[in-house]
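Those protein sequence lines, which keep their order, are chains A and B.
Throughout the first sequence, residue numbering follows this note's numbering, covering 53 to 381 in sequence.
Throughout the second sequence, residue numbering follows this note's numbering, covering 154 to 513 in sequence.
Because the hints were derived from the structure by calculation, they are not lab data.
Since the structure is predicted, the reported quantities are computational estimates derived from the model, not experimental observations.
Wrong hints could be hidden among the right ones.
[To be verified] Capping the alpha-carbon separation at 30 Å, the derived lysine-lysine pairs in BS3-like fashion look like this:
1. A:Lys374 with A:Lys290
2. B:Lys426 with A:Lys318
3. B:Lys426 with A:Lys290
[What the hints assert, rightly or not] Per the computed footprint, the stretches of chain B lying under chain A, defined by three or more beta-carbons under 8 Å from a beta-carbon of chain A, are:
4. 263-271
5. 335-348
6. 361-372
We treat Cβ as the ideally placed atom computed from N, Cα and C, and that holds for glycine.
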Amino acid sequence: MNDVLRLDDVHITYHTSTGGVPAVRGVDMTVRKGEVVGLAGESGCGKSTIAGAILRLLPSKTKIEGTITLDGENVLEMKPGRLRAVRWTGASIIFQGAMHALNPVKRVGDQIAEAIVVHQQSAEKEARVRVGSLLEQVGLPSRRMRDYPHELSGGQKQRVMIAMALACSPSLVIADEPTTALDVMVQAQVLRLMKELQRELGLSMIFITHDLSVLVETSDRLAIMYAGKIVEEGPADKVFHSPQHPYTEALAAAFPEIGDDRFRGKPLGLGGDPPDPADVPSGCSFHPRCPKAFEDCPTIEPDLYPAGEGRRAACLLVPAAKERAGAHP
Amino acid sequence: MSQAEAATAGPAGSSEPEVVVEVRDLRVTFQGRVGFFEGLRGRKGTVSRAVDGVSFELRRGEVMALAGESGCGKTTMARAIMGLQPVDGGEILYEGKLLPRDLKPYRREVQMVFQDPTGTLNPRQTIYEIIAEGLRIHGIDRGPDDEPEEQLVARALSRAGLRPPERFFLRYPHELSGGQRQRVVIAGALVLEPEVIVADEPVSNLDASVRGEILQLLMKLRDDLHLTIIIVTHDLGLAWTVADRVAIMYLGRIVEIGPAEDVLLRPEHPYTKALLDVVPEAGGLDRPILTGEPPDPTRIPPGCRFHPRCPVVVSGRAAELGIEDRCRTEDLALQDVAPGHAAACYEAFARHGLEATAAG
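Put together the whole structure using the sequences plus the hints.
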């Protein structure tokens, strides 16, 4: 079996005082061994919720339906003990805002060692050796294990977070906005490091961000989310450079290429705002903001239709959607 | 002769667009703090030279992007132009006159749009109150054509794209989306009919699909109201989209300035080139990336302040050209390398056959 992770028809509903809020509404996704899948979308589209669901980190009253299979095991049916073992060893996560994810009163080396000791039952001494080599792997001298988080810069803290995520050699690493809080130059350094480690260790990764231009650099495949659903997926380069879904097109336009005359003096944007997950528009949830919407869009909810080699898009304008509509008038 | 003077002088002086704001050799420093006991022992805190001799001019109706890494002084620069930041040296001229001691009338002409719309808006005020507050502070109860306050507020909201404006009067910031909030902030600036808008990272806190709309709005305001706009940003793609001119800052100085096409497509300074190389989709991950953290303005290196990270110096090319000593020891000023395009780099000067001038 080559799939490290498989999501089948996953629905996630948050519990609030005013009723359920559907954050993820039917997502299928696979991550193959050694593959990097980029998950893109705006705030509220459900991308971080999916990350939380894979590691079962969501609030306890959250309803998760469907199956999430990690290394052949359904995460949603795991007992608490098994789940604790899987976190860090089966899948680990690099959170956004590394600045706040580290414990400020513990040496960073001890924090990394803790994960190793707890999960691999190795002795403190062995763990320490491993911490040193992990730090060197992420480009920090091993003596920095004696530092406290405040002694490190933002980029160095994010490197520590990466070392921690790799500590137990997990089969899947989820990076949730790993570089958004960093400066441009440091972002490039961290991205390059992640890409090198991924190649070297053959990591399977999910890379989550709203920045499509970062994803096209780091990912093999891209999945674009809007209002709790995947609206387009396919090879990263193709999705970014020739989007099939109008939403992907708009998202890509937010990261214009310098030198591209189409964007010079002409910022492209969408009207309106991303929808409130508690009040998703009918039909295609993107139709109120879509520049190409026509009369069917408010009533027919599009499936993910095949849209070229290895690509799928949930838009009624995709040729496959029109064929299907023609077959069943 | 500074780049600023070079642009105003010249034979075509009369056809050049009018200069609205001129900044001459501006300096802002921050005094670091020391502990109580260290203070008793006479220790002084380190001085951070956030803005360290910046000169440029802003022409009427242009959009200028001020770009650089965090800590380069771009936000301090913007705040100093606004009169929000006491300066330690240099001059700011508005329409050819030095800023007066009483900044209130000036502040009406030059308005700021901050980065985080949620933090800028008072959560307990209605949108109407928020917009009208500026008018009240400046004692304006009637518009130029004797319009009542309500009409002025409505006009500002509708110019900022919040239509129909009356629908927003009684709403609170938390009822609006991020994009709408940023429009309220812009409306708050517009209600005073300013000449200049200083926008500090105006879209970096917004969702990607909403950014374009806010930038479109700024462009439209520039065209319709003939506003002059400074956009402080770390995003060169954004600068490419909206800016007429781009200034690149490094450690409190402008190291390159000129028309956006020149600076972004034909960069002269190695730092500008490095910034362009790390724009993600440029394939930058396979190109050399500057090592090290953003530089520290309390420890500005001698010579060209970029030399410790400069690929031209590190690779040994500067030594081949025989400029390495100067790079390491002699501070240098901006100089025109092409019409309207200035840079501060010995290597660029050598390429263009220019003699360097010392930093003023």
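Now for the hints, and whether the structure bears them out:
1. A:Lys374 with A:Lys290: 22 Å, holds
2. B:Lys426 with A:Lys318: Given that 30 Å is the threshold and the Cα spacing comes to 24 Å, the pair holds.
3. B:Lys426 with A:Lys290: Between B:Lys426 and A:Lys290 the Cα gap is close to 27 Å, so the pair holds against 30 Å.
4. 263-271: This one is violated; 0 residues, fewer than the three required, reach chain A with a Cβ under 8 Å.
5. 335-348: violated (count 0)
6. 361-372: holds (count 10)
Checked against the numbered hints above, the structure breaks hints 4, 5 and satisfies the rest.
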